[in-house]
Every structure is written in C-alpha cells, then in structure tokens.
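J.: Spelled out from the first residue to the last, the chains are:
2 protein chains.
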Amino acid sequence: MTATVKPILDLNAFRDDASAAPAGSLLARRRANFGAASVLFYSDPIEVVRGQGVWMEAADGRRYLDFYNNVPSVGHCHPRVVAAIAEQAATLNINTRYLNQRVESYLERLKATLPDEVSNAVLCCTGSEANDLALRVAAKASGGAGVVVTEAAYHGNTAAVTDISPSAWKLAGPVPAHVRIVPPPSAAAFGADIAQGFADAVAAAFADLQASGIRPSAFICDSIFSSDGVYADPPGFLAPAVAAARAAGALYIGDEVQPGFARTGDAMWGFARHGLVPDIVTMGKPMGNGFPMAALLTRPDLLALFCEDVGYFNTFGGNPVAAAAGLAVLEVIAEEGLQANALAIGGHLKARLAALAQRYPMVGAVRGAGLFIGIELVQPGDPATPDPAAATALIAGLHRRGVLIGAAGRYGNTLKVRPPLCLTRAEADLFADALAECLEELPTA
Amino acid sequence: MTATVKPILDLNAFRDDASAAPAGSLLARRRANFGAASVLFYSDPIEVVRGQGVWMEAADGRRYLDFYNNVPSVGHCHPRVVAAIAEQAATLNINTRYLNQRVESYLERLKATLPDEVSNAVLCCTGSEANDLALRVAAKASGGAGVVVTEAAYHGNTAAVTDISPSAWKLAGPVPAHVRIVPPPSAAAFGADIAQGFADAVAAAFADLQASGIRPSAFICDSIFSSDGVYADPPGFLAPAVAAARAAGALYIGDEVQPGFARTGDAMWGFARHGLVPDIVTMGKPMGNGFPMAALLTRPDLLALFCEDVGYFNTFGGNPVAAAAGLAVLEVIAEEGLQANALAIGGHLKARLAALAQRYPMVGAVRGAGLFIGIELVQPGDPATPDPAAATALIAGLHRRGVLIGAAGRYGNTLKVRPPLCLTRAEADLFADALAECLEELPTA
Numbered sequence: 039m040t041a042t043v044k045p046i047l048d049l050n051a052f053r054d055d056a057s058a059a060p061a062g063s064l065l066a067r068r069r070a071n072f073g074a075a076s077v078l079f080y081s082d083p084i085e086v087v088r089g090q091g092v093w094m095e096a097a098d099g100r101r102y103l104d105f106y107n108n109v110p111s112v113g114h115c116h117p118r119v120v121a122a123i124a125e126q127a128a129t130l131n132i133n134t135r136y137l138n139q140r141v142e143s144y145l146e147r148l149k150a151t152l153p154d155e156v157s158n159a160v161l162c163c164t165g166s167e168a169n170d171l172a173l174r175v176a177a178k179a180s181g182g183a184g185v186v187v188t189e190a191a192y193h194g195n196t197a198a199v200t201d202i203s204p205s206a207w208k209l210a211g212p213v214p215a216h217v218r219i220v221p222p223p224s225a226a227a228f229g230a231d232i233a234q235g236f237a238d239a240v241a242a243a244f245a246d247l248q249a250s251g252i253r254p255s256a257f258i259c260d261s262i263f264s265s266d267g268v269y270a271d272p273p274g275f276l277a278p279a280v281a282a283a284r285a286a287g288a289l290y291i292g293d294e295v296q297p298g299f300a301r302t303g304d305a306m307w308g309f310a311r312h313g314l315v316p317d318i319v320t321m322g323k324p325m326g327n328g329f330p331m332a333a334l335l336t337r338p339d340l341l342a343l344f345c346e347d348v349g350y351f352n353t354f355g356g357n358p359v360a361a362a363a364g365l366a367v368l369e370v371i372a373e374e375g376l377q378a379n380a381l382a383i384g385g386h387l388k389a390r391l392a393a394l395a396q397r398y399p400m401v402g403a404v405r406g407a408g409l410f411i412g413i414e415l416v417q418p419g420d421p422a423t424p425d426p427a428a429a430t431a432l433i434a435g436l437h438r439r440g441v442l443i444g445a446a447g448r449y450g451n452t453l454k455v456r457p458p459l460c461l462t463r464a465e466a467d468l469f470a471d472a473l474a475e476c477l478e479e480l481p482t483a
Numbered sequence: 039m040t041a042t043v044k045p046i047l048d049l050n051a052f053r054d055d056a057s058a059a060p061a062g063s064l065l066a067r068r069r070a071n072f073g074a075a076s077v078l079f080y081s082d083p084i085e086v087v088r089g090q091g092v093w094m095e096a097a098d099g100r101r102y103l104d105f106y107n108n109v110p111s112v113g114h115c116h117p118r119v120v121a122a123i124a125e126q127a128a129t130l131n132i133n134t135r136y137l138n139q140r141v142e143s144y145l146e147r148l149k150a151t152l153p154d155e156v157s158n159a160v161l162c163c164t165g166s167e168a169n170d171l172a173l174r175v176a177a178k179a180s181g182g183a184g185v186v187v188t189e190a191a192y193h194g195n196t197a198a199v200t201d202i203s204p205s206a207w208k209l210a211g212p213v214p215a216h217v218r219i220v221p222p223p224s225a226a227a228f229g230a231d232i233a234q235g236f237a238d239a240v241a242a243a244f245a246d247l248q249a250s251g252i253r254p255s256a257f258i259c260d261s262i263f264s265s266d267g268v269y270a271d272p273p274g275f276l277a278p279a280v281a282a283a284r285a286a287g288a289l290y291i292g293d294e295v296q297p298g299f300a301r302t303g304d305a306m307w308g309f310a311r312h313g314l315v316p317d318i319v320t321m322g323k324p325m326g327n328g329f330p331m332a333a334l335l336t337r338p339d340l341l342a343l344f345c346e347d348v349g350y351f352n353t354f355g356g357n358p359v360a361a362a363a364g365l366a367v368l369e370v371i372a373e374e375g376l377q378a379n380a381l382a383i384g385g386h387l388k389a390r391l392a393a394l395a396q397r398y399p400m401v402g403a404v405r406g407a408g409l410f411i412g413i414e415l416v417q418p419g420d421p422a423t424p425d426p427a428a429a430t431a432l433i434a435g436l437h438r439r440g441v442l443i444g445a446a447g448r449y450g451n452t453l454k455v456r457p458p459l460c461l462t463r464a465e466a467d468l469f470a471d472a473l474a475e476c477l478e479e480l481p482t483a
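Chains as they are written, first to last, in the working numbering: chain A, 39 to 483; chain B, 39 to 483.
I should point out that these hints are in silico values taken from the structure, not numbers from a laboratory.
Hints are not guaranteed to be accurate.
Since the list gives no way to pick out one identical chain from another, each pair is judged satisfied if it fits inside one copy or across any two copies.
[Claimed, not checked] Dumping the calculated EDC-like pairs for lysine to aspartate or glutamate here, alpha-carbon to alpha-carbon at most 16 Å: (1) Lys-149 to Asp-246; (2) Lys-208 to Asp-347; (3) Lys-178 to Asp-201; (4) Lys-178 to Glu-346; (5) Lys-149 to Asp-304; (6) Lys-208 to Glu-346; (7) Lys-149 to Glu-374; (8) Lys-178 to Asp-339.
Chain A with its partners taken away, still in its complex shape (with noise of 0.2 Å):
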C-alpha cells in the first residue's frame, strides 16, 4: 500500500499555456513579471476587479459565482472583516515582542474553539509556514524524519512541506527517502471497510520507514482530504489511522487550512467529524478572510521541547492587524451562524448533486460535508475509470455561465465545491441548475 515513486498527478489544465499576449496587455505584462512561475485559471484568465459575498467582478463586467476560493470564506470583502483591519492597522501594527490585548484576546476566542489539549499558538503568516514548523516540533518529539501522507497530499510551498506534498511534484522520480505515500481514504482504494484499509496502509506506510531505518515522526493530512479528492465519511474512519501512526511512535498533525474555521458544517474543526485530538493542529487560508495569516496550536510540552533547541519568532505573524481580522472572522462566523449555514446548504446542496449523480453516469460520487464537497468525475458505463477531460470541460461550461471552481485529486477528476459559507439556497441552486446544464452537454458514451 505505500509507495516509493512518486505518482504521477494529473495537475491543474489551467496553467498559463504562453499563448499569445498582445503587447502591453495585461496578460503580456503578468508574463514579464511571472516568468515560468506564473499559472492563472483559464487559458482565457479572467482580470478581477472587484468581490462580494460569493461573488467575483471582472473587468468586462461579468460577475462570477465563486465556487473555487475557500480564503474569503465568510464572503469576499466582508464589511465586518475589512473595518476591523483598517481600524487597527491605523492604529496599531506591530510584532508579538511587545504585550498586546487585541493578540490575547483573539486567542483566548480561537481556543475556545479547539480542544483543551492544544493550548499553545504560534502565529505565523501561512499554511507553509505553520506546516513547515509542525514537522520540526514533531520531529523534535519524536526523534525521527519519517513522514506519511496521502498520495495527492498537499501541505504548503516552503522546502520541508514541498517534500510531503506530492501534489506539487511536477516530475516522476523517487519519494524523499523519510517520505511515504498511501492512497486517500477512498471506497475505490479500500474497498467497503475504509476505516480499517487506511489504518492498516498507514501502518505498512510507518513499518516500511522502519524497516528502512527512519523513525516515525508524523502523520499529516486534511481531514477532508480536500487535493486527494474530498473524503468525509463515514464520519470516524480516521480515527484508526492516527492510531496506528501513534502506534509507530509518530504524531498526528491536523493540517486544518483546508477544513478548518465551519466549512465542514457538523464541527468548526475538520478532526472533530473523527473524534480526534491532533498532537499539533495547523490553520491558514480563511483564518483572517484574506489577510495572511496562519497559526499552528500543540501541547505546551511539544512546544517547550521544540524551543529548546531553537528559537522561533514571526515578524508579521500575530500583529494586532491580523488578529483583528482573526477576531472579525470568529465572530461573524459565530453572529451570522455560518457553520449550521454550511451545513443546512450544504446538504441541500449535497442532495441535488447527489440526485444529479442518479442522472448523469459520468458522476460517479458526490461526498464531502457540509460546503466542501467533492463531484467525482468518471468514465459513463466505466465508474472506476477516471474521467479528467470531463472535469475540464464542466469546468469550462461552468466558466461560460459564470461560476468558478476547480478540480483536485491524482487525476484532476473531481470538482472541488467550496464556495463562502455565507452561501444562500438560491446560490446553491444557481450552481447545481448551471451544473446540470453543462453535464447535459457532456458525451454520455
């Protein structure tokens, strides 16, 4: 069940393709600037002007249902959020090395949110970095390297986290040797029991690094399995893998910056639909609704072993700026009842996909929870045949009528659904009605 050669992912179609820019465009300019690191969604990429609530403006005009970017997650440019920062950043902006209420306060309110467990925060600026420091305190825990995550994992960009993200890999060749690979937690990979396939994947996963000579340090993943292809249920079925990975010595990491802050609706925390308490959970992307800001929280034994070796300080990470937009994200996801709105829409939204999977072959799953839902797309006549080009053309059609989103998974086969969690039911039908639409369009043999 482990692997040591890199899969070869199918990745985003997206990327910026070099196709002609006239000179002095906007596209021609981004390309001066960019160079090979630029990628922009669509060959046709859309220039964005402005955002609101769920929805984006480009500068033609047109506005787009915003399915695709799970930062803004209580709505893009949300008033509350954005007086927060410009009040405190005209008043205040300055490192952790100074006492500072906002700071404190905007804590003490996160961590009413999280397990007693985890009572230490570092605040830092991104998902990378509180990743890359997670395996240096679990590493430092442990006494070992070794590392196991899902086959199209993805944890950030900094050198560390690209070695555990195999879906940033852009070439086949070998794992890092303190890496191991196991499949998602898929029906497809485990069959029926996919609690028990998982757990007994990751353990070969652990007992492989043993055997050759690394020490178990962490077991990291979303536990939604967002980049893998979205896998939710049935609700526990972690629980036996971190187990096992506890079992060989290694922690379990809760990288949260995909599930985290109510997007999985039953919890505000993705590890709680599995009756988990991670070692060391990690948050990022909708943590300050687009300012940057992430944080990661552990046991205050991990920490202190950690900061015996080194010091760890973050300049920008938990100024007061960003822990004013961190405060408005909690309250409003708490006065505007964001999480049972995630999950009451989600799981109408949920129905109708599902009902549209009894329609149309070529979906061949919908899951997810709450408003992170994953639409698998696969071969008609052929369900365990992935089916990326008809990912991209429902990507494509749902351009057409105005919707973003994207897809993940090894095979890029499967539409990711996160929109803002302030989504109402006429949204969520807008989408599923568009969605039908284009599977209508679709070659059904």
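Chain A is fixed; fit chain B onto it per the hints.
T.: Below, chain B alone, put in the same frame as chain A:
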C-alpha cells in the same frame, strides 16, 4: 576561517524570564497562549496600544521613540499605506491566479528600482518564505547544496533557512553538513583589508564544502550584516567575496530584508552600495510597512529552471491588498524623499554618535549607512573585548528614557539603530542626547 561548530551566541537578553505575573494579567494570559515560544522585549514588557510616525504609545500613556522596529519603515500607521490597505481590502482580495492591474503595476514599479537582470518576481508573505525559495532556486541552478553564511546571520524561520541562520541556534553542536560559517566582514576578523580577507574566508569556506563532497550552491548575506553587528564600509568590500562565491559555482543571494527599501540612504538596495547585481534578491519586512508581504526576484532563466521540477504558488502572496500596501510604500518613499532623509539624518546621527565614541571609551565603533547604524560596546581600555553587559545596560537606560532599541552581533554587544525613515533631526538628537546620558551612567573601569 571556516567554522564547523556552532558559535554560542549571546542571545537577546530580553526573553520572557517567567517572573511572577498576577493571574489574569496580560502577561499571564500571554504565557498561557504563547507557551515556551513567548519572547518579549524587556523583563517588564511594554503593552503597546498605538503607533504613529517614529513613536509608539504604551497602555500607561508613556510614549516611546522607536529605534528598534524596521518594519514600519515609512512610519507607524502611515495614513497613505493604511488608506491603500483599507480601500483595496474593501474592493478585492484574491490570489494571483487571476489577472489584476494593481499587482502588475506594483511589480513594474518595484522592478524599476532593481537591476534589469532580476526581472521575474515571486510574491510571498515573509522574508523566510522568500529565502527558503531562494535556496531552492539556487540549488536547482547550481546542482549543489552548499551554503556559506556569516557567523550571526539570520535568514528566517523555516526548517531550511533555520539551517543557515546561526543566530537562531540556541545550542552548540555541529553546523549542518551543507553549511559553512565565515566571520562577519570586520576589521577585528580581517584587519585593514576587509574586502580581501572576507573574500578569502568565503573562498576557503566553499573549498571546504567541496573537500567534503558538497557542491557549492549559494552565498547568502544581508549586505548591511545587520544581525552580525552592522558592517557597511568600505563601500564595495562585498564584491570580491561575491566573485569568490561565483568562482566556486555558487549563486549570490542578496537578502535585502534588512537593508532594502532605502534604509541605507545611498541607494534603494543594500547591494548597490557594493556595486553588485545579485543572482537572486529577497526582500520583506518594510515592503508593506507591516502588511505581511515579501518577494523573491531573480533572472528568468533561473526561475524557469526551478519551475521544471515543482510548482510554486503562494495563496496570500501578491494579493491586491499586498500590492496596494507595497505600492503606497514605494510612493511614500519617493514623495517624502525618505531615501534622501535617511542619508541626511543618518549622516547627522552618525556624526553625533562618532562624537560620543570619542568621549566614551566603551563605544568601540560606530558603523553603518543611512539610518542603519551599529554602535559597538567594548571594555573600556580593552577595545578588542566585546561588552554585552554595557549594551544591555544601555538598552535598559534608553528604555527608562523612552527609547526602544535592541542589540545584535555574535556577542550581543552592538546596538542596532533602525528608526523609521521619516526620523527628523530633532528626533535623532533626542536619541543621541539620551544615549549620552546613559553612557554617562556606565561604569568606566
């Protein structure tokens, strides 16, 4: 000249010393939230509530002249930057996978301040992220991993850059196998010909790496050698070291996180003082005057090489709010003449500090450029012996007089002078007068 054992650095004296904090006090809350990673300035830490220009205000109403924090470089809470952030945050905050005018306008304005060679930019959130990526770009281009850094260098907080940041190491022990350490470019280490001595040390360090079977990859330095204790003169001294690094097959990474954005007065970028064009430039801290943003700029061929292997995408990096903040910073620097001000006020301040060095034997040297000045404290009568206790006493004395400042260098005996660039002559005199009073209090034998 190369070291393979970690230097034991005299760490920042103002760590949270776990002295009594009344239950429920802000300090007690802070400790409960931050745990062992809490590092505060001053044993009686300051609760800051407001910042404006070069001033910070504490909860008790005391005002402090900020000679420490080089992030709010155009002045704390500059209204132009605050307005730009507020306006853009209310309009659109989205990632760089869409086209956006503001982002390209910003990059074009930024690139106009840089050498033509480094024309591709990767926008990220922290200097740590930029340097982490820089090491990877250099590794791909060089085919090597060997890095040479100075003795008390600091290049950030990810796993990869902590390996090349001796000033973050708390314990003695072996230096990471791929790293070699050279002394800072000081007369103490190299005598009169600093340029030649430093270049020889860098050449020897790379030769030592090669002798160990490690191919040279990068020579990375902050061109003002901030954490080493500030070394600026003679202009051009860095060029032979860079030539030696390139002769060994390494790239030159110019870490401009500290000296960049006009602080050195004579140029926008620190490497310009040495007549150099880096292969890779990294920048951060003052880039958004506190808005979390950073960048790597490099040659298109180097970035294209890197992108062959892996993708790089930064969720928050280069969002239009960051671009708005960064653009406002560049506009303020230009319109308020802050580079010229750094040169003029910095020159005045340096002259006043040099006069103090004449009068007080414990001031061993005053070094620097523009508003980046180091004041080295030594044993009176024994100028070769660092006196960190004197630096600590001065920091405490200045704190009592309402001036915030910190220390740097392997022995922590050099005061780092880094006020906002809008410093006036009167404020510079206020600092020099306060320092004179503090020096007067120091024991002279």
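J.: Does each hint hold? Answer for all of them.
T.: Do the hints match the structure? See the list:
1. Taking the closest pair of Cα atoms, Lys-149 and Asp-246 never come within 16 Å of each other, the shortest separation being 36 Å inside a single copy and 49 Å across copies.
2. For a Cα distance limit of 16 Å, the shortest separation of Lys-208 from Asp-347 across copies, 5 Å, qualifies, whereas the shortest one inside one copy, 34 Å, does not.
3. Only between protomers do Lys-178 and Asp-201 lie at most 16 Å apart by alpha-carbon distance; the minimum there is 15 Å, versus 18 Å within a single protomer.
4. Taking the closest pair of Cα atoms, Lys-178 and Glu-346 come within 16 Å of each other only inside a single copy of the chain (9 Å); across copies the shortest separation is 33 Å, beyond that limit.
5. Taking the shortest Cα distances, Lys-149 and Asp-304 never come within 16 Å of each other, neither inside one copy (18 Å) nor across copies (47 Å).
6. For the identical chains of this complex, Lys-208 and Glu-346 are inter-copy neighbours only, at 7 Å across copies versus 37 Å inside a copy, given an alpha-carbon limit of 16 Å.
7. For the identical chains of this complex, Lys-149 and Glu-374 are neighbours neither inside a copy (20 Å) nor across copies (43 Å), given an alpha-carbon limit of 16 Å.
8. For the identical chains of this complex, Lys-178 and Asp-339 are intra-copy neighbours only, at 11 Å inside a copy versus 38 Å across copies, given an alpha-carbon limit of 16 Å.
Hint check: violations occur at hints 1, 5 and 7; the rest are consistent with the structure.
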